[in-house]
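K.L.:
What follows is each chain in one-letter form.
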Amino acid sequence: MAMLTRDLRASMAFVERNFNLTKRYWGWEVAWLIYSVAGALSVTLIGHSLGDEQLLLVLVIGTIFWSYLAIVFEFIGESVQWERWEGTLEYTFMAPIRRHAQLLGAALYAVIFGMIHTLFVLAVLVAFFELDLSQANFATAIAFTLLGTVSFIGIGIAASILPLMYVERGAQMVFVLQSVLLLVSGVYYSVEILPGWMQFLSQFSPATYVLDGVRAGLIEGASVGDLLDDVWPLLIMALVFIPAGLWAFGRAERYAKRTGKLKRVG
Amino acid sequence: MQTGLDPELKTAPTSQPAGVADAAPRAPRETALLAEHVTKEFRVGRKKRPVKAINNVSLRIERGEIYGVLGANGSGKSTLIRLFSTLLTLDSGTAEIFGKDVQRDEMAVKQMINRVSVDAAFFKKLSPFENLAYAAKLYGMPAASARTEAIRILARLGISEKRLGRPLEQMSRGMQQKVAIARALLTSPILLLMDEPTTGLDPRSKLEVQAFVEELRDTHDATIVLTTHDMAEAERLCDRIGIIDGGRIVVEDTPDHLKALVASDHGLEPTMENVFMTFTGKSLDDDLDEEKSEDEEEE
Ligand SMILES: Nc1ncnc2c1ncn2[C@@H]1O[C@H](COP(=O)(O)OP(=O)(O)OP(=O)(O)O)[C@@H](O)[C@H]1O
Ligand SMILES: [Mg+2]
Numbered sequence: 005m006a007m008l009t010r011d012l013r014a015s016m017a018f019v020e021r022n023f024n025l026t027k028r029y030w031g032w033e034v035a036w037l038i039y040s041v042a043g044a045l046s047v048t049l050i051g052h053s054l055g056d057e058q059l060l061l062v063l064v065i066g067t068i069f070w071s072y073l074a075i076v077f078e079f080i081g082e083s084v085q086w087e088r089w090e091g092t093l094e095y096t097f098m099a100p101i102r103r104h105a106q107l108l109g110a111a112l113y114a115v116i117f118g119m120i121h122t123l124f125v126l127a128v129l130v131a132f133f134e135l136d137l138s139q140a141n142f143a144t145a146i147a148f149t150l151l152g153t154v155s156f157i158g159i160g161i162a163a164s165i166l167p168l169m170y171v172e173r174g175a176q177m178v179f180v181l182q183s184v185l186l187l188v189s190g191v192y193y194s195v196e197i198l199p200g201w202m203q204f205l206s207q208f209s210p211a212t213y214v215l216d217g218v219r220a221g222l223i224e225g226a227s228v229g230d231l232l233d234d235v236w237p238l239l240i241m242a243l244v245f246i247p248a249g250l251w252a253f254g255r256a257e258r259y260a261k262r263t264g265k266l267k268r269v270g
Numbered sequence: 571m572q573t574g575l576d577p578e579l580k581t582a583p584t585s586q587p588a589g590v591a592d593a594a595p596r597a598p599r600e601t602a603l604l605a606e607h608v609t610k611e612f613r614v615g616r617k618k619r620p621v622k623a624i625n626n627v628s629l630r631i632e633r634g635e636i637y638g639v640l641g642a643n644g645s646g647k648s649t650l651i652r653l654f655s656t657l658l659t660l661d662s663g664t665a666e667i668f669g670k671d672v673q674r675d676e677m678a679v680k681q682m683i684n685r686v687s688v689d690a691a692f693f694k695k696l697s698p699f700e701n702l703a704y705a706a707k708l709y710g711m712p713a714a715s716a717r718t719e720a721i722r723i724l725a726r727l728g729i730s731e732k733r734l735g736r737p738l739e740q741m742s743r744g745m746q747q748k749v750a751i752a753r754a755l756l757t758s759p760i761l762l763l764m765d766e767p768t769t770g771l772d773p774r775s776k777l778e779v780q781a782f783v784e785e786l787r788d789t790h791d792a793t794i795v796l797t798t799h800d801m802a803e804a805e806r807l808c809d810r811i812g813i814i815d816g817g818r819i820v821v822e823d824t825p826d827h828l829k830a831l832v833a834s835d836h837g838l839e840p841t842m843e844n845v846f847m848t849f850t851g852k853s854l855d856d857d858l859d860e861e862k863s864e865d866e867e868e869e
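Quick mapping for you: the protein sequence lines, in order, are chains W and L.
Counted the way my numbering counts, the first sequence spans residues 5 to 270.
Counted the way my numbering counts, the second sequence spans residues 571 to 869.
Calculated from the structure, these hints are not laboratory results.
Wrong hints could be hidden among the right ones.
As the list claims (entries may be wrong) - Below 30 Å or equal to it, Euclidean Cα-Cα: the simulated BS3-like pairs (lysine-lysine) are:
| id | chain 1 | residue 1 | chain 2 | residue 2 |
| --- | --- | --- | --- | --- |
| 1 | L | K732 | L | K670 |
| 2 | L | K829 | W | K265 |
| 3 | L | K618 | W | K265 |
| 4 | L | K618 | L | K694 |
| 5 | W | K27 | L | K670 |
| 6 | L | K829 | W | K267 |
| 7 | W | K267 | W | K27 |
This structure is a prediction, so every number in the text was calculated from the model and none was measured.
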């Protein structure tokens, strides 16, 4: 019990620290938010210009959910890299905290930040377009958001290992991984139009199932029970990626300490 | 759980006043740090030969002692400190801090130690308060007491409370270094690892930090490992000094004994500079000879 409160407090230390960082970098946050809104609008305007209500919804859902999932992935995946840039990595790794508490803190903040950021973008899109949500099943959307969050936390943790192991290339690898996820997950189109090998890859992206489920829920009013084919891969990914990611993170830490990869200067 | 320390321990004065240590034979005290045959190699690039950063180092540091590590650039000082701070794993040998193995009891060791590095590594956009609050929380310290402690320590180091709310990047290098020292002390470590804590400080700041280290030794139950390139500082602060050269501790004694040694054995003036030069003084030829013999070893 004492251990658990200790871990939770450590997690909260990360949440609070990241919140302070957001506050201090507020200019960048605003700039980024504007960029996100502009990006979301430009994509969804394609649907609007074609006068296709269905396409408009497909694109809105794609931008909104990808924006959220990408933030969760990026914030966790780059958490080690941020500390490399700031130069604090050794201090965080020297502290008597357990890695799952650290990563949980990173994940918690990623989810909070991602939600707020995305809700803002959503608000703008709703103000801009008349969205036809008469059929929408919101419970389905919420369920898939939660499932997607957990599985993206998992792949985020797995990705965060890269900057730990590769001082120079790690962050670039995370970025490439995120780009591939964007490409194969059917964010703006159906994965069925992709070439076979990309469709093969798309099976391994949790975003594929999240977007499919949310679209079925919000456009066709499908319930979670109708969408079990999308639910179970997400559940399995969450159950596999989180423990596997934590385990691999521990291994990567030991590798970094053996080879001197935590160091910055001095 | 809160700070890893019993408050009783923090205030207990060290039994031995400074300076007396080398004169009188002392009663065996608790071992703060025990390293045996520690070796660490680094491999940079694929083909190149590994660098032996630490080579079979054994050390015993007693509780309450300030132990100085002197050596040329690249001799392995920071690597040694990192090995003790759980930031690097040992290739071979063992290291214990207050009886806890740095690798097997990593958590327990982490709770007992803290480290000041030559670069003040902070979130530069965050204020000193925000940085220190973050650090304190990682050590399980309540925010309120972290704040009062931080104010007290920084006031002692000559930084007023007013400066603590603004981004750290607005502070000078020396002030940042003082905040770094405060961060390390905040968690009441019983072993403090200081890697060139005064490098880059102006003479006054340097003296302030040195006085503070002395105060720590005299009023807190802190054991300190200190690396420095400042001979006067080493002489002033350290009870014992180990000189490291090419990853090996080549000599180890009290500053007075070391100075006496260069005077008697080498006929040099008894200064710490001469001690340093004598024990780290490899001419270029020596260096080349060593490389050659190592090459032969490999074959
Ligand atoms: N993380 C690392 N990766 C690769 N090589 C390293 C690493 N850390 C140290 N080394 C190498 O180990 C040797 C000792 O370095 P170290 O930083 O311990 O020296 P130092 O005595 O602290 O030097 P300085 O006085 O310049 O701070 C050097 O040859 C250095 O290049
Ligand atoms: Mg160094």
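K.L.:
Next, verify each hint and record whether it holds.
P.N.:
Here's how the hints hold up against the structure:
Restraint check for L/K732 and L/K670: not satisfied, since their Cα atoms lie roughly 40 Å apart, outside the 30 Å limit. The straight-line distance between the Cα atoms of L/K829 and W/K265 is roughly 38 Å, outside the 30 Å bound, and the hint therefore fails. Taking the CA atoms of L/K618 and W/K265, the gap is near 17 Å; set against the 30 Å cutoff, the hint holds. Using a Cα cut-off of 30 Å, the hinted pair L/K618 and L/K694 is violated, with the two alpha carbons roughly 36 Å apart.
At roughly 40 Å between alpha-carbon atoms, W/K27 and L/K670 are farther apart than 30 Å, so this suggested pair is violated. Proposed proximity of L/K829 and W/K267 is contradicted: the alpha carbons are some 34 Å apart, above 30 Å. Distance restraint check for W/K267 and W/K27: the Cα-Cα separation of roughly 28 Å lies within the 30 Å cut-off, and the hinted pair is therefore satisfied.
Of the numbered hints stated above, those contradicted by the structure are hints 1, 2, 4, 5 and 6, listed in ascending order.
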